[in-house]
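So the protein lines, in turn, are chains A and B. All residue numbers in the first sequence are consecutive under this note's numbering, ending with 279. All residue numbers in the second sequence are consecutive under this note's numbering, ending with 596.
Misleading hints may appear alongside valid ones.
Derived Cβ-Cβ restraints for the label pairs, each shown as a range [unchecked claim]:
#: 1; chain 1: A; residue 1: 170; chain 2: B; residue 2: 41; range: 51 to 59 Å
#: 2; chain 1: B; residue 1: 378; chain 2: A; residue 2: 259; range: 23 to 31 Å
#: 3; chain 1: A; residue 1: 215; chain 2: B; residue 2: 559; range: 56 to 64 Å
#: 4; chain 1: A; residue 1: 169; chain 2: B; residue 2: 499; range: 15 to 23 Å
#: 5; chain 1: B; residue 1: 310; chain 2: A; residue 2: 246; range: 34 to 42 Å
Just so you know, the hints here were simulated from the structure itself, not pulled from any lab data. Treat the numbers as computed from the prediction; the structure is a model and nothing was measured. Even glycine gets a Cβ: it sits at the ideal position worked out from N, Cα and C.
Each chain, letter by letter, is given below.
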Amino acid sequence: MEEKKIRVVLAKVGLDGHDRGVKVLARFLRDAGFEVIYTGLHRTPQEVARAAVDEDADVVGISLHSGAHMTLVPKTIQYIKEYGGKPEEMLILVGGIIPNDDIPKLKELGVDEIFIPGTPISTIIEYIRENLKKKKGSINER
Amino acid sequence: MMEKDEMLEIEAKRREWEEKCYKDWLKKTKAKDEGFESLSGIELKAIYDPSDVAHTDFLRDIGYPGEFPFTRGVYPNMYRGRLWTMRMFSGFGTAEDTNKRWKMLLREGETGLSTAFDFPTLMGLDSDDPLADGEVGKVGVAVDTLKDFEILFDGIPLDKISTSFTINPPAGIILAMYTAIADMQGVPREEIRGTIQNDMLKEFHAQNTLVLPPEPSVKIIVDIFEWGVENVPKFNLISISGYHIREAGSTAVQELAFTIADGMAYVEAAIERGIDIDKLAPQLSFFFNSHNDFFEEVAKFRAARRMWAKIMRDIYGAKNPRSWWMKFHVQTAGCSLTAQQPLNNIIRTTIQALAAVLGGCQSLHTNSFDEAWALPSEEAVRVALRTQQIIAYESGVTSVVDPLGGSWYVEWLTNKMEELAWKYIEQIKKMGGGSMLRGVLKGIENGFFVKEISNAAAKYQREVEEGKRFIVGVNKFTIEEELKIPILKVDPEVQRRQIERLRKIKAERDNSSVKEALDWIKSAAENNENIMPAVFEAVKNYATVGEIIGTLKKVHGTYRKPIIV
């Protein structure tokens, strides 16, 4: 049986319009065999969470270059839970301009990994393939 | 450029050199002769000689600075007379925070101001809008009302310094605020200098600060032209921008072509309104990116000036030679900065800034080395400014106008950039049935620009992924490192303080005058009249950015960009 495709919701949350990174990533993930749903620009945390839950996402990738990540990322995770999604079974990824000090804070708030500018897309693809199973597996073992 | 016999002799010698000397050498050293191309993918030969520019006519195509076609610069003496304006894009937090940073930059020798606004302001939202939560003061200064401008320009004399405002949907509001500050300072309106970006077309192509649909967006820009030529004749009413198109991933050729196409669209829209082109032209300015490929960037700047001169004189019939000038600002390429080994960014920025200067820019922003991590710290921004000052005062490149002019390679590449850009322009014109304005609007509607740019961005990334293109510190010469640079922190209290100020103003202002002015904006927008007099009235009465833009949204609707990956 063919393995189920990994479903990735990619999102631009908040007001910033820098979509070069997220769009290139969407193309490359698609080429690598992932199922990619891109939300488009200027989404609210609610809209992103709604897409993540409705699309049954395995991975949620949030892109921001606005400095608003400490507000908008935790809100998105909170709404995913509120809408009945399970962030603990998803990979929550953040990409963009994220100051170093905020990286551990975001991880504490439930983000699995942060990818800063210049990260090779192959690194992101490897990360998803390696860690999604681990994350889902650790849940199943419980 | 030279006698026919001499050219034939050179061509013969060139062939002989290629066969005997060059190819032998390649064979002996097992060196490759292919895969050499510019950052934009233009194939490059090993060497250029007079035969590569055989069809270039010196007087027609290159000529002298300060004269048509301005390939070598808009001023006859360029930086010998006056250096470019060192203008650092800057803003964060509240108006107080930004005013302080500006004064620091001016003390350090900056010669012009450039305002970065936060996202809510850029999108025409007030600081207390639910959509603004977490974004207030983050990437720039928060401006809700004229009160913020009063604080921003405290102690900054408008008759002494020019200010640039990177803002688009609310550009008219910001111009009105700046004019109101001039009135308060007692500086005659006809004296104030500066620039509003006010270029919505490139927002649809690339930068995505999108509020109103394309057609009303252009209508409002022309309103600002009409108001601006009468009220603030020394102020640049638009900065037609390729910068963001390039940042979104375009090639240098696309940046050049799409920017000029947009410029033509604006000129056509202004002519349709009945604005005298010779009156408007001196108030048009441009804004380009300077990326890593040094010669390609220099060639792009030179080609841009030559193309615009021809367009204004020969296509739109501008009579005054001043109308043929393309003045432009340059920013070094933000997208070239790496988070890895951040100090390397100083070197990148230096090369890019030098290209801008040798390309004849009128003003320049140099990026700070820490900007792949956050807004720049004071130390980082100082180094960035010093980079310009070292080029200006130590390198010696300012002593001679267009020192690269006459290089066979640079002239060939200038011609090549122009030739490739014209192809795009022809294509866009065709889409518009002969009109550049309709062509550009069509290209927004059918996704032409977005697709072109996205494809180029993906191609570039593929080359990086496949190791065909190197980025030092990213996919070559990488190290394990810990970040050791200080990072600017925006005070988390900014949002609360800004909202407090906004509430106070709303309580204290004359709310009936605000309502009257907003109603006037609405009726002007509905009746296809110029909105600027009404916008000025609203601004003076402390109407908020959100209230004014909100009124326009009610009339024109809100634009939602189609998703094209």
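Practice prompt. Compare the structure with the hints numbered earlier in the document and write down the numbers of the violated ones, lowest to highest.
Written response: The structure breaks hints 3 and 5; every other hint is satisfied.
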